[in-house]
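Since chain H is already given, all that's left is putting chain A on it; use the hints.
So you can see what is in the structure, the chains are spelled out below.
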Amino acid sequence: MNKLRELMNSLINLLVGDIKADNVVPPSGYTAILTSFTAAAMAFLAVFAMALSLATGRLADRWSDELSRTTTVRISAPEGQMQAQLDAVRNVLDTTTGIASFRIMTDEEQRKLLEPWFGPDLPLENLPIPRLVEVVEDPNGPDMDGLRFRLSAEAPGAILDDHTRWRRPLVDAAKRLRLLGTISIILIAGSTAAMITLAALSALAANGQVISVLRLVGASDTYIARAFVRRFTLRALIGAAIGTAIAMVAIFFLPSAAAEGAFLTGLGFTGWHWLLPLLVPILAALVAFWATRTAAFRALDRIS
Amino acid sequence: MLQLKDTGFSYGGRDILKDVNLDIAPGSFYFLTGPSGTGKTTLLRLCYQALMPTRGIVRILDRDVRGLEREDIAQIRRRIGVVHQDCKFVDHLTMADNIRMPLQVSGRSGELDNNSFDDLIAWVGLSAHMNAYPPELSSGERQRAALARAVVMSPDLILADEPTGNLDWIMAQKILTLLIELNKMGKTVILATHDLQLIRAAKSQITTRVLRIVDKNVQLAGADL
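Residue numbers (our numbering), protein chains in the order written: chain H, 1 to 304; chain A, 1 to 225.
It should be emphasised that the hints constitute simulated quantities derived from the structure, not laboratory data. This one's a predicted model, so the numbers in the text were calculated from it and none came from an experiment. Just so it is clear, CB atoms sit at the ideal spot from N, CA and C, and this is done for glycine as well. Where hints are given, some of them may not hold.
Claimed, not checked - Computed from the model, here is a short list of chain H residues facing chain A with C-beta under 7 Å:
hint : residue
1    : Pro26
2    : Gln209
3    : Val210
4    : Val213
5    : Leu216
6    : Val217
7    : Gly218
8    : Ala219
9    : Ser220
10   : Asp221
11   : Tyr223
Unchecked claim - To list a few chain A residues with every Cβ distance to chain H over 10 Å, as calculated:
hint : residue
12   : Lys5
13   : Tyr11
14   : Ile24
15   : Arg63
16   : Asn114
17   : Ala122
18   : Trp123
19   : Trp169
20   : Gln197
Isolated chain H (complex conformation):
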C-alpha cells in the first residue's frame, strides 16, 4: 500500500514538474530525438500487434461460437431417390432434440456457393450435386453420435458434417495468433523498457559531474532521479503518441472488412476497440517512468 502511495506521489510530482529541476540535466538533442523516435516506432508496432490480436480474437470467437452452432447434412443419392432421402432427413431432424432450426438450401444458394470455382452459369440440374441442409443447433445441441446413427439408418445417403474437423484447427490457429499478438505487445513493452533503461543509464553516466555537484549541495537521490525520469517519461510519451497516431491512421485506411473478405481485410479496430490504442502512449510513459526510475536509483547507488 505504501509502495503504491509512493508511486502515485511520484507520478503526481512528475506531472506537476519543476522546470528549474529539469534544467539541471543538460539538453541532449540527438539522444532525445532517438529516444522519441524509438518510442514512436515501438508504439506503431504495438498498435499493429494490438490490431492483429483483436482481429484474430474476433475471428476465433466467430469460428468457435457461430460455426460451432451450425451443422451441415450433405445428401448424395441417385436422381430418383433424392426426394425420399430429403424427406427422411427432414423427418429425422424434426424429431431430434437440440436442433433449433434447419433449412434445405435452394439451388440458387448452392449455385452461389459453387460460383467461385465453376462460374455463374453452372447447370446444377444436370450435375449430380449433393443437396445441403443447414442445421442450427440450440444452446444444448443435439447428440451428434445419435443423430449420425439415425441418419445412416433412415437416410443412408446423408452425411452429417459438424465442421469440427476443420473448425478446431482454424480456431486453434486463430487463438495461437492472438497469443502471439499479445506476446508481441509484451515484447515491445519490454524492448521499450530496455531501450529507455540504456538511454537513461547513458545519460546518467554522461552527467557524472552534474550528479556529484547536486549531491555536494544536498540534493536527494529522489530529486536527482526525478530530473532524469521526467525527461525520459515525456520523451516516451510524446514519441509513443506520435507513433500511435500514425498507426491508427494507417489502420483506419486499411481496406474495409467485407462479408466475404479474407482475414487481412478484417485487421483493424471495431467500435470501442478504437479507444484501446490510446492506452499505448500512457503505457509507454508508465514503462519509461518505471524503467528510468529503476535505472536512476540503481546508478545512483553505484555512484555512491
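Using the frame of chain H, we list chain A on its own:
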C-alpha cells in the same frame, strides 16, 4: 558540532586515517594542514559523508553518521557548505543558477529574496558575472562563486579543501577574508591547506586552531606555526 572518536578510514587494505579523535566546537575556526597525500581531503570527506568511516564514530550536527540513509545525508549536507580546490559547477547553467542550486534542491528557492541574493553576490565580488557560465570564469572567480554557493543556505559548518590552492596571494587573501567574515558571523570553519603563509595571515586576525595530520592521525599543532 563535529566529533570524531577513534575514527579510521582505510582503502584497499591501506590505512589512510587511524584512531582520529576530534571535537570541533560551534563557531570555531580550524586549519587542517599537512603535506599532500596525508589525508586532509579524506578527513573532510568523512565530515560531509562523501566517505563513511571504516572504524570509529563520526558525529556531525548531533547525528551519528553510521546507519544514515542517503536521504538523511542529503539533509545534513544542506547544513554544510563545501568548497573544493577544483570547484565543480553545472556548466550549462549560469553562475546565478549554480549559486542558487542548494536552495533549489532543498525546495527553499523562495526563502532568499533578490536583494539578499544580490548582497551575497556583491559580498564575493561577482555581481558582474551572474549571467556568465562557469567555464567563462577565472579560477579566483570560480572559488568565490563556490564560496557563495556554499553559504547561500546559511550553513552551520563550512569545509574548505585547499580553496586557495590555485590562486595567487592576493586572491587567496580575499578568500581567506570571506571565510573569516563568515566565522565572525558564527559559522564554524575548517580550512584544509598546506599554505603556512595563509595560516599566519589568519592568526593575525582571529583566534584559530591548527590541526596537523601526522602518521595518519590528527594532532593539534603548537605555536611553531
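Tested hints:
1. Interface restraint check: H/Pro26 against chain A, minimum CB-CB distance 4 Å, threshold 7 Å, status holds.
2. For H/Gln209, the interface hint holds, the least distance from its beta-carbon to any beta-carbon of chain A being 6 Å, beneath 7 Å.
3. Because the beta carbon of H/Val210 sits about 5 Å from the nearest beta carbon in chain A, less than 7 Å, this interface hint is met.
4. Restraint check, H/Val213 versus chain A: the minimum CB separation of about 5 Å is within 7 Å; hint holds.
5. Because the beta carbon of H/Leu216 sits about 6 Å from the nearest beta carbon in chain A, less than 7 Å, this interface hint is met.
6. Hint on H/Val217 holds. Least Cβ distance to chain A is approximately 4 Å, under the 7 Å limit.
7. Hint status for H/Gly218: holds, given a least beta-carbon distance of 4 Å to chain A, under 7 Å.
8. Annotation: H/Ala219 was flagged as interfacial toward chain A, and the flag holds, the nearest CB pair being 4 Å apart, inside 7 Å.
9. Proximity of H/Ser220 to chain A holds as hinted, the smallest CB-CB distance being about 4 Å (cut-off 7 Å).
10. Restraint check, H/Asp221 versus chain A: the minimum CB separation of about 6 Å is within 7 Å; hint holds.
11. Among the interface hints, the one on H/Tyr223 holds; its C-beta lies about 5 Å from the nearest C-beta in chain A, closer than the 7 Å criterion.
12. Remark: the non-interface label on A/Lys5 is consistent with the geometry, its nearest Cβ contact in chain H lying 24 Å away (cut-off 10 Å).
13. Non-interface call for A/Tyr11 relative to chain H: holds, since the shortest CB-CB distance, roughly 15 Å, exceeds 10 Å.
14. The beta carbon of A/Ile24 is kept farther than 10 Å from every beta carbon of chain H, the shortest such distance being approximately 20 Å.
15. In this structure A/Arg63 is separated from chain H by more than 10 Å, as the shortest Cβ-Cβ distance comes to about 14 Å.
16. Under the 10 Å C-beta cut-off, the non-interface status given to A/Asn114 relative to chain H holds; the minimum distance is some 15 Å.
17. For A/Ala122, the non-interface assignment is confirmed: its Cβ lies about 21 Å from the closest Cβ of chain H, beyond the 10 Å cut-off.
18. Every CB of chain H is more than 10 Å from the CB of A/Trp123 (nearest about 19 Å), matching its label as outside the interface.
19. Every Cβ of chain H is farther than 10 Å from the Cβ of A/Trp169; the closest lies at roughly 27 Å, confirming the non-interface assignment.
20. The Cβ of A/Gln197 sits about 28 Å from the closest Cβ of chain H, beyond the 10 Å cut-off, so the non-interface label holds.
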